[in-house]
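Participant: Those sequence lines, one after another, are chains F and R. For the first sequence, position 10 (counting from the first letter as 1) is numbered 10 according to UniProt numbering, and the numbering increases by one without interruption. For the second sequence, position 10 (counting from the first letter as 1) is numbered 10 according to UniProt numbering, and the numbering increases by one without interruption.
These are calculated hints, taken from the structure and not from any lab test. Given the structure is predicted, the values throughout are model-derived calculations rather than measurements. Wrong hints could be hidden among the right ones.
[Said to hold, decoys possible] Pairs of lysine to aspartate or glutamate residues, derived as DMTMM-like cross-links and limited to a Cα-Cα distance of at most 25 angstroms, are as follows:
| # | chain 1 | residue 1 | chain 2 | residue 2 |
| --- | --- | --- | --- | --- |
| 1 | R | 122 | F | 26 |
| 2 | R | 122 | F | 60 |
| 3 | F | 122 | R | 53 |
| 4 | F | 122 | R | 143 |
| 5 | R | 122 | F | 128 |
| 6 | F | 51 | R | 26 |
| 7 | R | 122 | F | 53 |
| 8 | F | 122 | R | 60 |
| 9 | R | 51 | F | 26 |
| 10 | R | 51 | R | 32 |
| 11 | F | 122 | R | 26 |
| 12 | R | 51 | R | 27 |
| 13 | F | 122 | R | 110 |
| 14 | F | 122 | R | 128 |
| 15 | R | 122 | F | 110 |
| 16 | F | 122 | F | 50 |
| 17 | R | 122 | F | 143 |
[Unchecked claim] Footprint (simulated), chain F over chain R, 3 or more residues, beta carbon under 8 angstroms:
| # | region |
| --- | --- |
| 18 | 73-80 |
| 19 | 138-152 |
| 20 | 176-186 |
[As the list claims (entries may be wrong)] Not everything, but these chain R residues come out facing chain F in the computed CB check (under 7 angstroms):
| # | residue |
| --- | --- |
| 21 | 116 |
| 22 | 120 |
| 23 | 124 |
Positions of the beta carbon are idealized from the N, C-alpha and C atoms, including for glycine.
Chain residues, written in single-letter form:
Protein chains: 2
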Amino acid sequence: MVRWEPGARDRLQAAAIALFLERGYEETTVQDIAAAAGLTERTFFRHYADKREVLFGGGEAYRTGFIEGIDQAPTGSSALDLVSAGLVAGSAFFTAERRPWSRNRQRVIDANPALQEREARKRAVLADAMDAALRERGVDEVEARLVAEIGSAVFSTAFRRWLSADEERPLADIELELLDRLRALMPAGAPT
Amino acid sequence: MVRWEPGARDRLQAAAIALFLERGYEETTVQDIAAAAGLTERTFFRHYADKREVLFGGGEAYRTGFIEGIDQAPTGSSALDLVSAGLVAGSAFFTAERRPWSRNRQRVIDANPALQEREARKRAVLADAMDAALRERGVDEVEARLVAEIGSAVFSTAFRRWLSADEERPLADIELELLDRLRALMPAGAPT
Numbered sequence: 001m002v003r004w005e006p007g008a009r010d011r012l013q014a015a016a017i018a019l020f021l022e023r024g025y026e027e028t029t030v031q032d033i034a035a036a037a038g039l040t041e042r043t044f045f046r047h048y049a050d051k052r053e054v055l056f057g058g059g060e061a062y063r064t065g066f067i068e069g070i071d072q073a074p075t076g077s078s079a080l081d082l083v084s085a086g087l088v089a090g091s092a093f094f095t096a097e098r099r100p101w102s103r104n105r106q107r108v109i110d111a112n113p114a115l116q117e118r119e120a121r122k123r124a125v126l127a128d129a130m131d132a133a134l135r136e137r138g139v140d141e142v143e144a145r146l147v148a149e150i151g152s153a154v155f156s157t158a159f160r161r162w163l164s165a166d167e168e169r170p171l172a173d174i175e176l177e178l179l180d181r182l183r184a185l186m187p188a189g190a191p192t
Numbered sequence: 001m002v003r004w005e006p007g008a009r010d011r012l013q014a015a016a017i018a019l020f021l022e023r024g025y026e027e028t029t030v031q032d033i034a035a036a037a038g039l040t041e042r043t044f045f046r047h048y049a050d051k052r053e054v055l056f057g058g059g060e061a062y063r064t065g066f067i068e069g070i071d072q073a074p075t076g077s078s079a080l081d082l083v084s085a086g087l088v089a090g091s092a093f094f095t096a097e098r099r100p101w102s103r104n105r106q107r108v109i110d111a112n113p114a115l116q117e118r119e120a121r122k123r124a125v126l127a128d129a130m131d132a133a134l135r136e137r138g139v140d141e142v143e144a145r146l147v148a149e150i151g152s153a154v155f156s157t158a159f160r161r162w163l164s165a166d167e168e169r170p171l172a173d174i175e176l177e178l179l180d181r182l183r184a185l186m187p188a189g190a191p192t
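Isolated chain F (complex conformation) (with noise of 0.2 angstroms):
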């Protein structure tokens, strides 16, 4: 009999942090991580298919909000406009609840090159979902992988500002600040 165990996610998703923090992530196992949590292994499977999937879980729920920003920004956006608005819509992903959770996140990543790899990997999947949903709008091909790459690197920028300790401004904002700011950089029309 499986009983269910209410929860259970979020008590292994704080314990792992803990430990991934503590020990480090290459340290700690499934095992120690189900142990902390009170729970068994198999309770740990039934959520998480190993302990990356803890950082990493949850990928497409992320994407899906800056995807609707772009799929519903209003006819005749221009290829910016389009993904300014992915921006906004995704940054609801990341809440002021979530905000710890995501600065304990980025230190454990941060400690650890094969995470990295896979962290900066998500973002190139951003900006290759971001692209599709440009195409989609009608926006061509050239400008669509551009505009895609500007929205992830700018989300990128913005993200890592929203991390930092002194930082409390929501991520939307920082993320419209950056627009501006690259606007200012970028008078139109000037020589190369």
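Use these hints to put chain R onto chain F, whose structure you have.
Facilitator: Frame of chain F; chain R shown alone:
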């Protein structure tokens, strides 16, 4: 007695890429590569730490151009001019002679998620290096990060284009065209 094998590194590289394309990256062993090149495993390990390094070795060499371009740009250059100089200088690494190799290498990476993670990380490291070079040139912290990410986005978009079968322009030309497109997309002072 260690025999020096003339051109061993190139032969190993050519044998490796041929095997990766033919059988798949995971299915190819160092032993296979050495045998196909007519060399010993010992010789392989004198040149590469593992088979992944055949695809990712020389990472530092490729970054040097980008950094030197930023370091040596004229006094008074804007942050965007600095990164533009970095991109043009960095593109010198990607010669016409390198293009067929780069295309085959990309095919191998596109077929393997773990290699895609590694490649994405390589790009993040380039952005970090340009960020540091920009700060060294007096660009403020937020702008340096943003412009480094934009530079990395432009490089990545241009590089993908450079690899495509129907593209024959040098990488620098593609990068400069994209920077011009980007300027045209961003009217300074336009509302957010």
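Participant: State for each hint whether it applies.
Facilitator: Taking the hints in turn, this is what the structure says about them:
1. 122(R) - 26(F): holds, 22 angstroms
2. 122(R) - 60(F): At roughly 23 angstroms apart (the allowed maximum being 25 angstroms), residue 60(F) and residue 122(R) satisfy the hint.
3. 122(F) - 53(R): Given pair residue 122(F), residue 53(R) holds - Cα atoms ~22 angstroms apart, limit 25 angstroms.
4. 122(F) - 143(R): holds, 24 angstroms
5. 122(R) - 128(F): Roughly 17 angstroms separates the two Cα atoms, so the pair holds.
6. 51(F) - 26(R): Measuring from Cα to Cα gives roughly 23 angstroms; hence the hint holds.
7. 122(R) - 53(F): holds, 22 angstroms
8. 122(F) - 60(R): holds, 23 angstroms
9. 51(R) - 26(F): Within the cut-off at roughly 23 angstroms; holds.
10. 51(R) - 32(R): holds, 11 angstroms
11. 122(F) - 26(R): Cα-Cα ~22 angstroms, so holds.
12. 51(R) - 27(R): holds, 11 angstroms
13. 122(F) - 110(R): holds, 15 angstroms
14. 122(F) - 128(R): Status holds; Cα separation ~17 angstroms.
15. 122(R) - 110(F): holds, 15 angstroms
16. 122(F) - 50(F): Given pair residue 122(F), residue 50(F) holds - Cα atoms ~17 angstroms apart, limit 25 angstroms.
17. 122(R) - 143(F): Status holds; Cα separation ~24 angstroms.
18. 73-80: holds (count 3)
19. 138-152: Three-residue rule met by the region 138-152 of chain R, so holds; n is 8.
20. 176-186: Three-residue rule met by the region 176-186 of chain R, so holds; n is 10.
21. 116: holds, 6 angstroms
22. 120: holds, 4 angstroms
23. 124: holds, 4 angstroms
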